[in-house]
Amino acid sequence: MSTSPRRIAIFGATSDIAVAFARAHAAGGTRFALSARDGAALDRLAQDLKVRGAGEVTVRTVDFADLSQLPAIAEAMWGAFGGLDVALIAYGSLPDQAKACLDPALAEEALRLNFTSPALLVNTLAGYFEAARAGTIAVITSVAGDRGRQSNYVYGGAKGGLQTFLDGVRHRLHASGVTVLDIRPGFVATKMTQHLPQTGPLWAQPDKVASDISAAIAKRRAVLYTPWFWWVIMTIVCALPRAVFHRSKL
Amino acid sequence: MSGSDMSASPAASRTRLYGSWGNILRAEHETLAPRSVDGAREIAARLPAHSAIARGNGRSYGDVALNPGRTLVDMLGLDHFIAFDATTGRLRCEAGILLSDILAVLSRPDRDGSGWLLPVMPGTRFITVGGAIANDVHGKNAHGLGSFGCHVVDLELARSDGRRLVCSPEENPDLFAATIGGLGLTGLILTATLQLRRVPGLALEAEDIAFDRLEDFFTLDAESAQAWEYTAAWIDCLAGGEALGRGIYMRARHAPGVGAPPPARAPSRSVPLTPPLSGVNGLSVRAFNALYWRKLGSKRRKSHVGSYEKVFFPLDAIGHWNRLYGPAGFYQFQAVVPPEHAEPVTRELLAEISSARQGSMLVVLKRFGDIVSPGLISFPMPGITLALDFPNLGDATRKLLARLERIVVAAGGRIYPAKDFSMSRESFAKGYPALQDFLRHRDPAMSSAFARRMGIVEEEDAS
Ligand SMILES: Cc1cc2nc3c(=O)[nH]c(=O)nc-3n(C[C@H](O)[C@H](O)[C@H](O)COP(=O)(O)OP(=O)(O)OC[C@H]3O[C@@H](n4cnc5c(N)ncnc54)[C@H](O)[C@@H]3O)c2cc1C
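Chains as they are written, first to last, in the working numbering: chain A, 361 to 610; chain B, 14 to 476.
These are calculated hints, taken from the structure and not from any lab test.
Nothing here was measured: the structure is a model prediction, and the numbers come from that model.
Here a beta-carbon is modelled for each residue, glycine too, at the ideal position from N, C-alpha and C.
Some hints could be false.
Some chain A residues near chain B, calculated using beta-carbon distances under 8 Å [unchecked claim]:
id	residue
1	408
2	412
3	476
4	551
Extracted from the complex, chain A is given alone in its bound form (with noise of 0.2 Å):
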């Protein structure tokens, strides 16, 4: 248990990985500080969070396509328990690839949750981190921002611009002694995909991946595709020949 976290924040709290990777941390007393859009939805969560052993709970609704809200939400889940031990970022949005290639106000959108807004979120924490020289800042992509794809290039460039920021700020917090953790989920069934039909042997349950991640942490990696497989997929994926990989409908 020495290993584990005692204060956690977590930005997007509510999509599923980030509910089971908070449950999988509550006993013990860990602390938590929590941000989200939907107020009712984090309230839900922090008593549940209390109930399954948590010290002490925090909450702040916000609304992460704000950019102008991530200076002051950072320093807020920054200082609710003097400094972290883990920041995870969890938030982002599956577009609809068809409707946002006809529509730049939702590309811009989708763009901006899932690359600028935890770019520069990640940006602000670096700071603060490298200031206390340890901790963890976990960010989930997607195996989708290895290599661009007709089907959802919106959201795998945004994805795979985040997985080079990220990769930079890595490089930058190096010498500080603080990890940078690159999560790379393939198919999760949550909310994100409920549309979908979520069965088939690729698809993982939120509690894999959480568990995934806490490893990953414990282990101090760089980067995580999780379930593991999809290291394997990713990396023959991105080996295919342009000219091959062009005739595909992926």
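Start from chain A and add chain B with the ligand according to the hints.
Just chain B with the ligand, lined up with the frame of chain A:
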């Protein structure tokens, strides 16, 4: 592709395949999956007449949580704890939370081994609080502590007229009585307050005793009633003649001062898919029964102290064990008969099964005590209950079930809807004398395959 979002929509609608636990029926359903208590209330308020039924974790063997071609409201998204008072043991939680989660979080031993425990648990921990209330489930301690419903302090119900009602013995008592054991037909249960129980040790002292004939069950049971709070017997249902009703009597009680960690949240092993042929057939049942009957060896008695997992939840060790019955599935039958007829009627039932040579591996005989459940149409009542499951052999199995049903109802007994896929309307009405009273509290939007089969909701009612 990854799975986080910020949407606060109450539900997504889609069609999905759902089955009964016995796999007798699988069907496409229009599914609504509320993510919050408010979302569930909004859904309830929009439901047309006779359209929907709540679904918990689908551990009912029969069709109480099925509604083919219509709507299922999947309650698993309502999985939050709300509050727990560690001085009084009162737990408030949402109705979709699993008993396994409650055990994992709250039933942890203190330094002296004592702890909080769910007062009543059925043979599987993978059921929801809502499902436990709607079937008013019972456990191995039914003779001492009654049914699950006896420990519900209050509950919140969403009705299709848009109301969200608190129901308890004091507030809306009629609706409270109708909802406990009410098979989901009174509305959506949103939250519940449960009274947990303090036990002197979470571990159990358990004893298994082999017995040679049915009479011995009754002797052992009378002997054990006071000192052993958890009791049940396995019966070798293929034994006939002199050996009719032989079996293994199982009794357990809390071991003061001995702790036990909660069982895992999920089985570590699982049957991955349904094999094309049933693994449960005449041969394997015969072999199993013969072996199981001898498992205690020549001493014919075994005892141990340890975790409650094996005593309460032997079947939970393997996930999806129901698939072993193959694509045709299996029927489960559970009935209770009043105490005055207990012995002769149990004998008659066992003789019928033994002569039909349709064996079952899981045969449980258990006495219910005199504690009256608050539910209007709850299954538990004073008497002896017998539960078995039969591989589905088509007509032959249904005929056997009909014969068993006739014997039970003639003796003033009743069949358990949670396990049923074949009872007649007449038997249901006879077994549950408060049915007419119950029907006045039905929510007009609710309907299930079971309700239609029982004529509670007329077929042509459905739009
Ligand atoms: C291995 C095994 C052992 C078992 N042992 C026992 C036993 O010892 N004793 C016993 O009593 N039962 C036993 N059962 C049966 C089981 O306990 C019941 O069928 C239980 O009700 C299943 O709960 P569920 O959450 O899976 O609900 P489901 O099966 O999905 O639904 C059951 C009923 O509850 C209703 N319901 C569910 N949630 C709600 C809600 N939120 N609001 C309103 N209605 C709702 C449904 O409409 C349906 O009528 C056993 C089952 C299995 C598989």
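Discussion item. Interface hint check: residue 412 of chain A, Cβ to nearest Cβ on chain B, cutoff 8 Å. Holds or violated?
Written reply: Residue 412 of chain A check passes; min Cβ-Cβ to chain B is 5 Å, inside 8 Å.
Fill in: When the least beta-carbon distance from residue 551 of chain A to chain B is tested against 8 Å, hint result
Hint holds; residue 551 of chain A Cβ to chain B Cβ min 6 Å, cut 8 Å.
Worksheet item: Going by Cβ atoms only, is residue 476 of chain A closer than 8 Å to chain B?
Response: Result: violated, 15 Å to nearest chain B Cβ.
Worksheet item: For the hint on residue 408 of chain A, does the least C-beta distance to chain B fall short of 8 Å?
Response: holds (4 Å)
The structure is inconsistent with hint 3 alone, although it conforms to all the rest.
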